[in-house]
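Going line by line, the protein sequences match chains R and C.
Position 131 of the first sequence, counting from 1, maps to 131 under this note's numbering, and the rest follow consecutively.
Position 417 of the second sequence, counting from 1, maps to 1417 under this note's numbering, and the rest follow consecutively.
Think of the hints as simulated: they come from the structure by calculation, not from any bench.
Be aware that a few hints might be false.
[What the hints assert, rightly or not] For lysine-lysine, the following DSS-like pairs were computed, each having C-alpha atoms within a straight-line distance of at most 27 Å: (1) R:K165 / C:K1231; (2) R:K54 / C:K1292; (3) R:K54 / C:K1653; (4) R:K163 / C:K1231; (5) R:K54 / C:K1231; (6) C:K1653 / R:K56; (7) R:K54 / C:K1651; (8) C:K1292 / R:K56; (9) R:K163 / C:K1212; (10) C:K1427 / C:K1115.
[Unchecked claim] Which stretches of chain C does chain R cover? Using the computed rule of at least three CB atoms under 8 Å from a CB of chain R, they are: (11) 1202-1209; (12) 1596-1610.
[As the list claims (entries may be wrong)] According to the in silico footprint, chain C covers these stretches of chain R (three or more CB under 8 Å from chain C): (13) 10-21; (14) 48-56; (15) 137-145.
Quantities reported herein were computed from a predicted structural model and do not represent experimental measurements.
Here a beta-carbon is modelled for each residue, glycine too, at the ideal position from N, C-alpha and C.
So the chains spell out like this:
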Amino acid sequence: MTRTAHKYGMVVDTIACVGCSACTLACRSENEVPEGLSRRWVNQETRGSFPDLKMKIWSESCQHCENAPCVKNCPTGASFIDDFTGTVQVERDLCTGCKACMASCPYDARYIHPTGYVDKCTLCHHRITGGLETACETVCPTSAIVVGDLNDPGSEISQLLRKRKFEQRRTAAGTRPKFFLLV
Amino acid sequence: MGSSLPWENLETPLESQEAGLGQGSIIPTVCEMCFWKCGVHARVHDGKVVALTGNPDHPLSRGRLCPRGVGGIGSLYDPDRLSEPLIRVGERGSQEFRVATWEEALDRTAEGLRKVADQYGPESLALFYHGAGGSFFKTLFKGMGTANIAAPSYAQCRGPRDVGFELTFGEGAGSPEIADVPNARVMALIGTHLGENMHNTSVQDFSAALGKGMRLITVDPRYSVAAGKSKYWLPIKPGTDIALLLGWANVIIREGWYDAAYIEKNAVGFDKFRAEVAKYTPEAVYIETGIKPEQLIATARELAQAAPHSLVHPGRRVTWYGDDTQRCRAVALVNGLLGNWGQPGGFYMSSSIPLKQAENQPPVPEHQAASDRPAGSYPYAGSVLANGLREATLTGDPNELKAWMVYGTNLPMVLPDPRKTLAAIQKLDFMVAIDILPMEITGWADVVLPECTYLERHDDLIAPWYREPYVALRQPVVEPMGNSKPGWWMAKELGKRLGLEQHFPWETANDMIGDRLNASGFSAAQQANLYKKGVILKQADPMYLPAGAPLDLATPSGKIEFWSQQLADTGFDPVPVYRRPEQPGPGTFRLLTGRSPVHTFGRTANNSRLLDQYPENEVWLNRATAVDMGLRSGDRVMMKNQDGAETGPVKVKATERIRGDCVYMVHGFGHKDPRMRRAHNNGGDDNALTTRYKVDPIMGATGYSVNFVSLEKVEV
Chain R
1 MTRTAHKYGM VVDTIACVGC SACTLACRSE NEVPEGLSRR WVNQETRGSF PDLKMKIWSE
61 SCQHCENAPC VKNCPTGASF IDDFTGTVQV ERDLCTGCKA CMASCPYDAR YIHPTGYVDK
121 CTLCHHRITG GLETACETVC PTSAIVVGDL NDPGSEISQL LRKRKFEQRR TAAGTRPKFF
181 LLV
Chain C
1001 MGSSLPWENL ETPLESQEAG LGQGSIIPTV CEMCFWKCGV HARVHDGKVV ALTGNPDHPL
1061 SRGRLCPRGV GGIGSLYDPD RLSEPLIRVG ERGSQEFRVA TWEEALDRTA EGLRKVADQY
1121 GPESLALFYH GAGGSFFKTL FKGMGTANIA APSYAQCRGP RDVGFELTFG EGAGSPEIAD
1181 VPNARVMALI GTHLGENMHN TSVQDFSAAL GKGMRLITVD PRYSVAAGKS KYWLPIKPGT
1241 DIALLLGWAN VIIREGWYDA AYIEKNAVGF DKFRAEVAKY TPEAVYIETG IKPEQLIATA
1301 RELAQAAPHS LVHPGRRVTW YGDDTQRCRA VALVNGLLGN WGQPGGFYMS SSIPLKQAEN
1361 QPPVPEHQAA SDRPAGSYPY AGSVLANGLR EATLTGDPNE LKAWMVYGTN LPMVLPDPRK
1421 TLAAIQKLDF MVAIDILPME ITGWADVVLP ECTYLERHDD LIAPWYREPY VALRQPVVEP
1481 MGNSKPGWWM AKELGKRLGL EQHFPWETAN DMIGDRLNAS GFSAAQQANL YKKGVILKQA
1541 DPMYLPAGAP LDLATPSGKI EFWSQQLADT GFDPVPVYRR PEQPGPGTFR LLTGRSPVHT
1601 FGRTANNSRL LDQYPENEVW LNRATAVDMG LRSGDRVMMK NQDGAETGPV KVKATERIRG
1661 DCVYMVHGFG HKDPRMRRAH NNGGDDNALT TRYKVDPIMG ATGYSVNFVS LEKVEV
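Turn these sequences into a full structure, and let the hints steer you where they fit.
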């Protein structure tokens, strides 16, 4: 695993999130995601049977894995881990649209953009490198989304992960995701 | 019109490029994707809106925005928008129109209204409206001499809540609601589905309070998103909420979990109230509601132990069963027992910035008597009843209505029993509809005037009562599409034609706003800042009463009215009384409706960005019941009510998340006007199934959730 200058990740607070989709829509505007495709999505998971039910709601996207199968399986080097932010990115010019990354992603976070390359959440690379929040974090009415540098122990995300109980998605795949659900 | 947009004159529009971001200027304005009216920043590049985000300076958005607000671009660039004035050519309702010039359409409208006013008197005119632009047409109709001006947001939505609170505390629950959710330690929701009902600030506060450990009690036949975040979910039998609320009162009083000294000082009629609720024991309530006695007691204890920093939320759309004012009064009374009026975590005292009318604008005459109810009926109606105006049109009681203007409200999907709405329209001499999209109502009009969206127009200044008082500005961020025009311009043009020009004494919308700001005492610097920031803020008045201070309420007694003399004097129950509702027969279900966070009523059903997130409504059906009926999720059914009214096909959602005696669907789908290509025949129209409705005898609101439906599988 490469060491990167920063290690940006995302938490979603399942207690706060109401699953409204404002994040998905804000992402669409910010990143010009074509209608019908999506870099983010909302999950609602209900367990139990009437009337003893439990529900978990969260908004999800690319997990920006440290051990990213999409990067390992990309034959052209188009998918890579960005040295500066530690996020997973796609170099459009190198992408041939072969879909090896899509097949290997346990989170189903990628899609083929109509212009032919594979696209997904960039963690608003253009914004976070300018010191701004991601579009989804900024818009979220419930402040459920927090993005930050996991290398910085003083960042809000690091503090939340020390203070709160959290879960990660499909860790058995060995992906070392940088996406956390506060529960 | 067509003059340069005001923000182009600003010296330094906020440039997002400075931060190395997407291109374009950022212009502050106010959202109208729903009526909450959050402040938005529109990012405009090359004359196109490319992003909408929350205005950080605006108290209702605090930099954040709900999905509808973000997706407003989909409404702005909807290819199905009305773009030209239309005049009917075929029979009314045949949906045949020709394109007309504005000159001709406005002349025709003025003539249609004037003829009716001359022949039958101004009391034969009616205006139905929803949304900010309605203010200009209200001025027009008041100027013509009528009081028949109704917003369905009253009698079809929140009216009973406000009357229930007025009868108890002397004040309505406000919009935005005066519930101090951020500071609540315990909150109960009665059918209110915050999080699905997506009013930005109210959901911000809700989630923040949950984050601080607020314990939530959700009373709902359906396991809503809010129920999923609750310590207690009480899956109540629909129609029995009054029993539950009086049961809470019973337990709190019986156990002595209330502040007797507070009640002694601040309440009237408490002894009579105590006697009335004595019969609502947890065991008796269980039989009616299905809520187990231990759950009722535990939740009453939670509320009482956290008092006064606990509340029962007043809710918003409360028009369910026809006894809604009494249910809302029961909500108010439990809050009274909690002693939370004027207390943190209860109900706060709102403040506002008073705005004055422009000095060159004469006062608009106010007319007292509307034609919305026969003499003596619905004595506590606090606004004109939209359903009442329809009724008068049909019956001629108290007088015939002969011309309607319908602004921004799609009456066939808003008022219950759409058959009656269409029959009333056919009795009119003239009807004009003003809308953005070819909603069903426009198909029945004689003249259709296409309005531009909120992103293309000014409206009047916005200054609500809230925890932080403010004035906000709606200003256009792009030029109007096609030949659509803003409401203020239409009203002014009609005013000219009707001899009412003095009520619209400005040439441009900027003059209109500037004159009003000047009259209200705002300095040039404050006004410039309003254009730049979108909002003027003011320090709030005190939000809470000092602990122990006596209440000074606007009720007749000045106190909390646990027993209402005025209700007794007018022939109503002075304390709410539970009456067992009719139950659905075998194979039928009570139809309940609600909201998706991504849609506003039926107004967004053609918005491609929002449909992308919530493409069609589904009928929620208890899973075990579905199995018995041989239905599975994804099956399609026709829904038919007790009167044979039908809608569908609608997709089934078989789920554990609902009781077996009711079904649920999100309102606003199943549009029938083919000119809205995405909305047409997409999903089911719950309003088509409301041929039965119950009118609240106290204030005239229409209860919708009294229809029983059956489901029949459709092979597709």
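Checked hints:
{"no.": "1", "hint": "R:K165 / C:K1231", "verdict": "18 Å, holds"}
{"no.": "2", "hint": "R:K54 / C:K1292", "verdict": "19 Å, holds"}
{"no.": "3", "hint": "R:K54 / C:K1653", "verdict": "18 Å, holds"}
{"no.": "4", "hint": "R:K163 / C:K1231", "verdict": "22 Å, holds"}
{"no.": "5", "hint": "R:K54 / C:K1231", "verdict": "10 Å, holds"}
{"no.": "6", "hint": "C:K1653 / R:K56", "verdict": "18 Å, holds"}
{"no.": "7", "hint": "R:K54 / C:K1651", "verdict": "24 Å, holds"}
{"no.": "8", "hint": "C:K1292 / R:K56", "verdict": "25 Å, holds"}
{"no.": "9", "hint": "R:K163 / C:K1212", "verdict": "14 Å, holds"}
{"no.": "10", "hint": "C:K1427 / C:K1115", "verdict": "15 Å, holds"}
{"no.": "11", "hint": "1202-1209", "verdict": "holds (count 5)"}
{"no.": "12", "hint": "1596-1610", "verdict": "holds (count 5)"}
{"no.": "13", "hint": "10-21", "verdict": "holds (count 8)"}
{"no.": "14", "hint": "48-56", "verdict": "holds (count 8)"}
{"no.": "15", "hint": "137-145", "verdict": "holds (count 7)"}
Against the hints set out earlier in the document, no violation occurs for any number.
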